[in-house]
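Protein chains in written order, with this note's numbering: chain A, 603 to 1122; chain B, 972 to 1238.
Simulated from the structure, these hints should not be mistaken for laboratory data.
Straight-line alpha carbon distances no greater than 25 Å define the calculated DMTMM-like cross-link-like pairs of lysine to aspartate or glutamate that follow:
(1) A:Lys-978 to A:Glu-968
(2) A:Lys-888 to A:Asp-1079
(3) A:Lys-888 to B:Glu-1121
(4) A:Lys-978 to A:Asp-1048
(5) A:Lys-607 to B:Asp-1171
(6) A:Lys-607 to A:Glu-629
(7) A:Lys-607 to A:Glu-818
(8) A:Lys-607 to B:Glu-1168
(9) A:Lys-888 to B:Asp-1089
(10) A:Lys-616 to B:Glu-1168
(11) A:Lys-671 to B:Asp-1171
(12) A:Lys-671 to B:Glu-1168
(13) A:Lys-1040 to A:Glu-985
(14) A:Lys-888 to A:Asp-736
(15) A:Lys-888 to B:Glu-1015
(16) A:Lys-1095 to A:Asp-1079
(17) A:Lys-1095 to A:Asp-729
(18) A:Lys-788 to A:Glu-723
(19) A:Lys-978 to A:Glu-956
(20) A:Lys-788 to A:Asp-729
(21) A:Lys-607 to A:Asp-824
(22) A:Lys-671 to B:Asp-1176
Far from chain A by the CB rule (all over 12 Å, computed), these chain B residues:
(23) Glu-993
(24) Thr-1003
(25) Cys-1007
(26) Arg-1211
(27) Met-1213
(28) Thr-1218
(29) Leu-1221
(30) His-1224
(31) Trp-1237
No experiment lies behind these values; they were computed from the predicted model shown. We treat Cβ as the ideally placed atom computed from N, Cα and C, and that holds for glycine.
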Amino acid sequence: MLVAKDLTYTYPSKQVPSVGPIDVEIEGPAIVVITGPTGCGKSTLLRLMAGLLQRHGQGRVGGSVRVDKISPAAWSPPVRAASLGFVNQCPGDQLVTGSIADELAFGLESVGASVETIQGEVLTWTDRLGFVRDPGQSPMQLSGGQQQQLVIASAVAAGAGLLLLDEPLSQLDPPAAARTVDMLMKLRDLGRTIMVVEHRLEPLWGVADRIILMEEGQIQLDATPAEMPVAALQASGVGVPPLVLLQERIPSIMVAQVPPAKPPPNTAGNTNKAPAIISIGPIDFKHPGATTPAFQTPGIEFHSGERVAVLGHNGSGKSTLLELLSGTLPGASVQLAGRIIGVPQDPDLCLFSESVWDELAYAPRESREGNVETRKRVESTAESLGLTPLLQAPPQALSRGQRGRVAVAAALTAVPDVLALDEPTAGQDVGLLEHMMKSIDSAMADGLLLFATHDMALALRWASRVLILEAGVVVFDGPAYSPDGVDAANALKSPTDWVRFCRARNLPVGTVEQVVEWLE
Amino acid sequence: MISPRTKILMLLMVGVLSITLEQVASLGVLATLAACAVLLHGVEGRWIRRGAILIVAIVWSTVVSQGLFYGQEPRTPWFQIGPVVVWVEGVEHGLVQSLRLVSAGLAGVAIAISTPPDRLLTALQRMGVPAGICFLAVTALRFIPTLAREIVQVRAARRHRGRPLWSRTPWAWIRLEVSLLRPTVARTLRRARALSESLDARGYDPLQARTQHETIPQSSADKILLTTALLGTAALVCSRIMYLLYTADLVYHPGLQGLYAWVRAWV
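Here chain A stands alone, though its shape is the one from the complex:
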């Protein structure tokens, strides 16, 4: 049993606690979801529960955490490995070895497992992960989503009884997320306790035993999904499953039996005859040391005014395509009629100024805009992306979600003709995300917006054109919605329940409000 009593954490630069006081008891086995808006203290709470901040944090810890009456900070290393599995938001930063097999074996080695046990477990998990062709491959060569699955598997393989997972589904495609959730259910059945921090509740709603809603460092609500007031979650910007919201709005509607996906239509060709603003190919791109191509195409053109979503499973080549287009990866024949700006998955690498203001003003100043025009552009962009209160803050000191928005804002103040966003949803709560997409759409006007994402509903709502990638090949290129059914929503092999629900009624994939309006 995990018990937190009067638990608080005060960062070194603050006078008052950023988290707490928290009083909570979690009796296992259970799946407990901790949710809340960006920056509400969810990740800090998780690190306190793991005993990490008590051991390594520079701030002040108040109160106590006990796991089976013992503080996790007092565990010896082998006990820690056998008792605790902790996975943070950045999977790539947690990889401690040079091969997939060693990564899976790491926790087992800490526990002191025999070589035979380790080899058996490594075989089992490489098989379960599905994407491992060579266990000796460096985990650094995997995509972000594959790395996320690997670090979760490594934590589970060591046999930890308590799993603390910080946004474990954020970079996973829907099938991988479903597999991970399935694995968590099985682990609960085996007696383990799992605490998951997540913004988006759709994959976890049906399996969670408890949902804890946090706001400003405090627990606001703690209830089962059935008892949880949906309006309170929505007000906090938490991604409530759209079918749950729809049922709230139209209680009579049958959402329990979502029809199965239709067979995918044939690949549709893009019929836009406008002059291309950017084109690529033909190309057969391989990463250094790789044997299979990361992306290949006979050629693709993109046009002004298009909103292009790039969808595909983890490792399908989405990021590679965007990096080839933006020139970050060399070797592609790209014809560009204008200015392209790419925002990578990791926004930190775009932020090099001392303050958010300077970051946003960098491009206008470089273009020798006047002070008045620069100020106007910075202020309006900051306002549209909810960054006005942060203008004087150093960008690198902000939260993950805030840094992502600053990177997008800095790209927009450069007035690009083409904007390429890689996973803009990471770290953003749902309310902010809709607002951000609206602002980007409006700012890009006649420009081209390309974005890679795993959020199907978001992609199908905001895109005019969708590219679906499989193993580095474009398998679908067509509209997000078409009344004749030859569209991306029907081409997806593993659509979410919401996408299937909308398509079963021949509706575009919209927000819950839009769908309610269309149904009525």
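Given chain A's structure and the hints, the job is docking chain B onto it.
Using the frame of chain A, we list chain B on its own:
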């Protein structure tokens, strides 16, 4: 396929040779051999260009500074522009120092790019280096390509949003270059924290032996290469010692006059 243990020992020998050798020509040969080891591993053209620029910068700056500020006697002026004198011995000393650094650096790069970190870790442990130090060294090495990739991404982000670097004053250029370090340093600190938390949560104990040890056998080719390199290095070191003993008036043998002449000319 040379085993990592052989490579580490070869690196140590390059280190010993770079200290032992004092002639520009012989150090040049050593640096060339190290460069060949790097090129044999199919490095991309852009990295070769960047590496070459870095080497030229190191050699040039060392030679110029030593050429201008060499203070030991005797010294011979090479040429003079007003009050500024460039000394022949200073230029030679600069070349020797920079070639030592370049040789050892290139040999290190050759190992880093040709050996997976886990094999390097195994080899270091097999050689008796403490587990914690092995892990620390290999982890630092493993993140060098990541760091290099991130620097490229930061520069690309800056390039996309701004003017070319050269279209500003030198002072503004330097300030901008320094500012580009900010995201890389911040990212590295974040990664270090995440990595340490991950190690801590996964029960890593640097004093505890790991249960799973891979063994990397030494092939016959490894043994031949290592023996040849060891004998060659030992012969050069012994020759140098004999020469030093002779110049210090401690040991002299008339039968070794040919060796003394060879060491003076080449070693």
